[in-house]
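**Student:** Protein sequence lines, in the order shown, are assigned to chains A and B.
For the first sequence, the numbering used here gives the first residue as 1, with consecutive numbering after it.
For the second sequence, the numbering used here gives the first residue as 1001, with consecutive numbering after it.
Keep in mind the hints are simulated off the structure, nothing from the lab.
Keep in mind that a hint or two might mislead.
As the list claims (entries may be wrong) - With a cut-off of at most 30 Å between alpha-carbon atoms, the simulated BS3-like pairs for lysine-lysine come out as follows:
| hint | chain 1 | residue 1 | chain 2 | residue 2 |
| --- | --- | --- | --- | --- |
| 1 | A | K237 | B | K1127 |
| 2 | B | K1144 | A | K302 |
| 3 | A | K164 | A | K106 |
| 4 | A | K237 | B | K1144 |
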Amino acid sequence: MQKNNSVIGQERIQKKLKQRYRAEKRFRRLGLFAVITALSFLAILLISISSKGYTAFQQTYIKLEIPLSHEILDVKNLANADYPGLVKASLRQMFPDVKGRRDKRKLYGLVSTGAAFELQDRIIEDPTLIGEKISMWVPASSDVDMFMKGQIPKNVSENERRIKDNEIEWIDWLQQEERIEKRFNTVFFTAGDSRDPELSGIRGALSGSIFTLFITLLLSFPIGAATAVYLEEFAPKNKWTDLIEVNINNLAAVPSIVFGLLGLAVFINFFGLPRSVPLVGGLVLTLMTLPTIIIAGRAALKAVPPSIREAALGVGASPMQTVLHHVLPLAMPGMLTGTIIGMAQALGETAPLLMIGMVAFIVDVPGSFTDPSTVLPVQIFLWADSPERGFMERTSAAIMVLLVFLITMNAVAIFLRKRFERRW
Amino acid sequence: MESIMDIEGATLADNISMTLEQQAMASDQEAIKKKTIVSREDRRTVGEIYTEDPRMTCRNVNVHYGDNHAIIDANIDIGRNEVLAMIGPSGCGKSTFLRCLNRMNDTVEGCRVTGEITLDGQDIHGKNIDVVPLRAQIGMVFQKPNPFPKSIFDNVAYGPKIHGLASNKSDLEEIVETSLQKAGLWEEVKDRLNLPGTGLSGGQQQRLCIARAIAVSPEVILMDEPCSALDPIATARIEELIAELRKQYSIVIVTHSMQQAARVSGRTAYFHLGDLIEVGETERVFTNPRHQLTEDYITGRFG
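Take these sequences, add in the hints, and give me the full structure.
**Tutor:** Next comes the structure, spelled out in structure tokens:
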């Protein structure tokens, strides 16, 4: 009887065993599927962004011969000279057959409006050029640029494309003469925003992001770490600290735009700080990032084994020495992880910055914490919203810059974390 | 074995109610044991609680964890250069009592210590006593080896460094070497002082912790079950070490092993449910216990 029972038991176990293994396999496959799905979506995202955006790193340039006559350029009054006229004259010289107002307008439209400014800069830099005939490469207009990059197809009817037949003829002639070529787009990395796609660059937004995040890191990490240490190691456990803890946890879940409103009300309206500046942006993002850092920091401190604290206290370390010499170094990797998450969140944040005016169209590259500026995600939003075709590739390129920035930032943080990491 | 669990589970009532099983067992042996239910009045400390030349004295020490009265009116002296063993069933308060001696209980939330504990005649809870140097005077070795996640050298050097015991680097190196030698670890680690202390074996780690404790030249060393995580060989080494260290220090050791208490200690204190039941010469306590509970414990009736 006894034996029978155990045989039946064994059979049941065997039967169940198969089920258990099947369930395990199923679970493993499900996990693998999830990982592969996630990776493929990431791959799709990266491929679509880079395939759309890589063209923005090139820009079409046209070579012009410009005679700099003394009649037009007065050395004493270089700032008010008619530089656009010079560019136009040069174009007319190249294509003497073009007659009629409308065709001439088209012809002038081959080069960017930025060409005149480049010419001006060059002459002001070196006035001895006046009287000579110089040849210089100037940026082509966005439409020509798009055409050169193949974004405007030739084989559709003329009235459906922005580059007309006669323009194509001119471009073909320029190509024959080797007066038009694509070059690495330095403007994209040195200029601020512009209404013209070919003159717009990411530098302004990038600097804005760097300034803003610098302020955020400078404020949120020390304050967050100190708060976490105080609450976890020194504060008495009573209803006040409970209340603070609940509030911090709730703040982490507050929609970020609310922090923007708070920043607008407190920093700009009450303290009178200027609008659209990285300083205020950094302050607002600090408020938003602090709860994340505090919560991660407290979790990291909690994870430090109490035996280490006892050991330190046991040899007569003061509570502060215990924390600074033993607990904090062990909690540092965890705290840095929280900071990475918080900073990455801050870097990608748009909503609170809209509230404090960092959504403005700003041409100048900001040079300090109090210069009006915008940030990368806002710039992406602005470009994505623009109708010109040239901004499409720039949107993707800006996303690529943002991702590179993010990866660099995280890589530095992970490097720092690895250095702090110690096993026990 | 079962009975001890019952006793632990029982709340601290004035009388300990025994299980039916135990009562039955007790009635069987009534001829030998007249009384197994021990009343509050019978749980006074018996034996020699005072010593001639006490290093530390404890008078009417009471410890409360919130509503839990963990130590009830304990009185005991700790003599110069003696090893005092504290034995007793789990949860009897011996570790709690040990932690009172260097005020480690200060860090425990909701823990209240009353009564008078003195070190060389000075009340350690006194207003002018700073707990930081106090803990340097009364070193502690914990149940689980807990070296810092630093090098072996830094582990030992940390205490002297923060207390400013060494004026220069060679001083510090000397302190580290002598401490490790006293702890019987020097020969094993002298070539790898820069390796992490956590990479040593359990027994070596515990000796490292002892070296760390004696590096700040304490007067008393408290050991909270220092061998409970160690194998017999490592335990034997620690016990040899204790015998060596008692020449210089007063040592209080909490242990679960009665054999260990018998081997290493000069005096033994028996705790039972927060009461200090019996104190006396180790040999006397183990061969001729005066209290019923002590006898029950050391004869293996429970615990």
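**Student:** Hints first: check each against the structure and report whether it holds.
**Tutor:** Checked hints:
Only pairs whose Cα atoms come within 30 Å are accepted, and A/K237 paired with B/K1127 is accepted, the gap being roughly 24 Å. Annotation: proposed proximity of B/K1144 to A/K302 holds, straight-line Cα distance about 19 Å (limit 30 Å). Between the alpha carbons of A/K164 and A/K106 the distance comes to roughly 9 Å, so the proposed pair stays at or under 30 Å and holds. Annotation: proposed proximity of A/K237 to B/K1144 holds, straight-line Cα distance about 27 Å (limit 30 Å).
Hint violations for this structure: none, all hints satisfied.
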